[in-house]
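Respectively, the protein sequence lines represent chains A and B.
Using the working numbering, the letters of the first sequence map in sequence onto residues 330 to 706.
Using the working numbering, the letters of the second sequence map in sequence onto residues 6 to 327.
I should point out that these hints are in silico values taken from the structure, not numbers from a laboratory.
Certain hints may be false.
What the hints assert, rightly or not - In silico SDA-like links for lysine to any residue, alpha-carbon gap of 25 Å or less:
no.	chain 1	residue 1	chain 2	residue 2
1	B	Lys139	A	Lys513
2	A	Lys516	B	Ala251
3	A	Lys513	B	Leu312
4	A	Lys701	B	Met146
5	A	Lys516	B	Met146
To be verified - To spell it out: a stretch of chain A is covered by chain B in this simulated footprint if at least three of its residues, at any positions, have a beta carbon under 8 Å from a beta carbon of chain B; those stretches are:
no.	segment
6	342 to 353
7	470 to 483
Note that the Cβ used here is the ideal one computed from N, Cα and C, for glycine as well.
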Amino acid sequence: MSAFLAWISTLPALAQIPLVLLAFFAVIALLIFFLEVAPRTGRKFTIIRAAACVLIPGLVFLTLGSVLWAAAAATLFGALFFYLDYRSKQGAGYLFQLVGFLSPAIFLLGIGLIYPTIQTTIQAFMNSRGTRFVGLENFIWIFTQDTGIRTVLNTVVWVLIVPVVSTIFGLAYAVFIDKSRGEKFFKVLVFMPMAISFVGASIIWRFVYAVRPAGQEQIGLLNQVVVWLGGEPVSWLSNSPWNTFFLIVVLIWIQTGFAMVILSAAIKGVPLEQLEAAELDGTNAWQRFTNVTVPGIRSSLVVVLTTISIASLKVFDIVRTMTAGANETSVIANEMYSQWQGFEVGRSAAFAVVLFLMVLPIVIYNARQIKKQREIR
Amino acid sequence: MTATVPAKIPVDKKTEKQLARGEKLGAATRTKKRLTSRGATIAALVIAVLWTTPTFGLFISSIRPPEEILRNGWWTIFQNPGFTLNNYTEVLAAGNSTLNLAGAFINSIAITLPATIFPLVIASLAAYAFAWIKFPGRNWMFIGVFALQIVPLQMALVPLLSLFSRGLSIGDVELFASLNASNAYSQVWIAHTIFALPLAIFLLHNFVSEIPSELIEAARVDGAGHGQIFFRIVLPLTMPAIASFAIFQFLWVWNDLLVALVFADGRVAPMTKLLAEITGSRGQDWNLLTAGAFISILVPLIVFFALQRYFVRGLLAGSTKG
């Protein structure tokens with residue numbers, strides 16, 4: 330396989346796309362063919378199945394460039410698997426299909442997520458070259474020096490502000506434009522930043538924040554507004570701690586559209602009868618909103634808040650492009666990358682683990698909410 | 006109209022007018038009623054303007070001559086008119102020693118298309134198995150896959166990179182050889198495929214499991230195996246869901262910077278990476294930055310405006326169903 334990939338990488342970029350897609354679809358077509366004939370009875374199909382069981386594992390290992398006897402072992406396991414499948418209680422071919430459907434995904438998840446996660450966790454307790462066990466040293470390093478603490482604190486600030494503010498803006502906007510004329514158009518305007526890359530958004534906002542010395546004409550919109558109001562131009566991105574807030578604005582700008590679309594759909598799901606009943610009881614619009622609408626969209630609110638929280642915990646691109654972590658704006662993901670570039674693999678891994686521990690409670694909470702929601706349904 | 010608005014509710018003049026207007030608009034809008042006030046409308050307008058102005062300013066600046074961009078703000082374009090496309094030609098040729106932005110644009114396409122299709126196919130296979138093949142431990146395994154979303158990308162990047170470049174050996178036994186792909190797209194494709202899988206499997210499972218079981222049973226009675234059911238029934242029926250997730254995956258890969266920084270080096274770097282680099286090295290060349298940024302957001306914006314409906318549907322499916 331590496332030979333194929335090496336060969337294909339010598340081709341021009343646009344020629345690689347159809348070729349690699351063709352190769353991929355050929356493999357998938359073969360897989361589906363095997364899956365299709367697997368449950369059929371008859372000697373011919375049994376032989377096909379047996380051949381597939383024995384040959385495929387060996388071939389996979391060979392194409393991955395493994396040593397010969399590992400491939401031989403795989404072939405042996407394949408034969409064993411064929412026997413198990415042949416004697417399966419659900420009928421011959423059942424296990425074969427199951428494995429055929431699942432193995433590509435499980436294999437990729439194994440090498441791409443499960444193995445690396447374990448590896449990173451181990452590395453977090455090793456020295457910079459990964460040769461010696463150093464215990465908690467990397468974590469102590471993070472939490473004892475100013476930049477490390479600053480980095481973690483900044484991440485906490487991000488995760489506290491971004492979800493709340495974008496949800497509030499998104500919700501308010503969704504309520505304001507709900508059932509109005511041109512609602513779709515209004516939605517698109519705010520939703521559009523979702524499609525823009527974080528890098529693109531960062532450049533857009535760097536331009537808004539651009540600063541010129543006092544007396545010169547400003548080219549950044551924000552400073553121009555300040556000057557119009559009679560103030561002095563401010564260098565928004567270099568004064569700590571406020572610069573972090575100006576970076577946060579960018580993520581809020583992006584995520585509000587997300588919150589707005591989800592919440593708008595949820596608002597439309599609030600039963601009209603409830604709103605009308607409240608209206609007949611003489612409540613005003615604000616009371617209806619807090620007592621009927623908000624409880625009605627509670628589960629969507631939780632989803633929006635948690636999703637944006639996770640996004641802001643992992644924020645990287647914005648900080649990287651706008652300040653690269655200078656002037657005390659660094660966040661965990663950025664610091665992790667910087668440490669890795671500086672060949673401090675242990676510290677980099679420790680930052681990743683800290684991030685993991687911060688994401689964990691949010692995801693667990695989210696999963697439990699989803700489960701609850703399912704039980705109600 | 007009277008069905009939805011009780012007659013005695015006091016409404017102000019504006020609302021009355023709007024109600025009357027709504028009635029004229031025909032049956033489709035008749036059930037709509039306008040509760041929002043003038044203040045809300047103004048607030049919505051303010052938000053809408055705030056949210057679009059930065060992008061608009063970027064676009065205006067990108068077509069102004071460089072000296073004008075540096076001399077005065079884009080909002081003075083009427084006092085200082087000037088129009089040029091030179092920024093675009095210049096930025097497409099800008100870059101580092103191995104790559105310019107035009108090449109990076111091609112790279113972005115070459116990375117994004119396969120990295121969108123691979124995970125969808127693999128995930129739909131797995132989603133089918135989780136939904137329609139009964140096996141012990143199915144629920145636990147599915148929850149396990151869902152739980153993998155916890156893992157921040159950051160945790161997986163570095164070990165995966167070393168797996169690609171050095172292979173995997175247990176003791177002296179080499180299980181994988183290295184991919185030999187340090188200057189190729191393949192490792193970016195594989196990385197994006199893997200990172201997309203947990204969410205893709207989860208979302209597609211939601212759709213695949215909603216197919217009426219009678220349909221699957223009927224096909225089974227007619228003698229179709231899992232392969233045929235998947236290819237002939239499940240795949241066509243879940244196409245809308247697959248399409249909406251495909252848009253997401255496309256935007257996500259196109260806009261990604263972190264994975265690109267780690268896996269796509271040298272001459273295969275996508276546009277986001279090169280732009281970030283240019284921002285770092287030529288941060289005050291606003292004519293280049295604005296034009297470059299606009300090129301990079303052009304494709305996502307086209308995709309977004311053309312396929313907006315699917316995009317929103319995918320978003321809603323993803324969040325309200327879990």
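Straight-line alpha-carbon gap B/Lys139 to A/Lys513, limit 25 Å: violated (43 Å)
Given hint B/Met146 paired with A/Lys701 - CA-CA distance at most 25 Å: This hinted pair holds, its Cα atoms lying about 20 Å apart.
Check of the segment 470 to 483 of chain A against chain B for coverage (Cβ-Cβ below 8 Å, three residues minimum): violated (count 0)
Holds or violated: A/Lys516 to B/Met146, with C-alpha atoms at most 25 Å apart: Status violated; Cα separation ~38 Å.
Given pair status - B/Ala251, A/Lys516, alpha carbons within 25 Å: holds (22 Å)
Restraint status (C-alpha distance of A/Lys513 to B/Leu312 at most 25 Å): The given pair, whose Cα atoms are some 14 Å apart, holds under the 25 Å limit.
Chain B over the segment 342 to 353 of chain A, status - at least 3 residues with CB closer than 8 Å: That given contact holds, which follows from 7 residues of the segment 342 to 353 of chain A lying within Cβ reach (below 8 Å) of chain B.
The structure fails hints 1, 5 and 7 (numbered hints given earlier, in ascending order).
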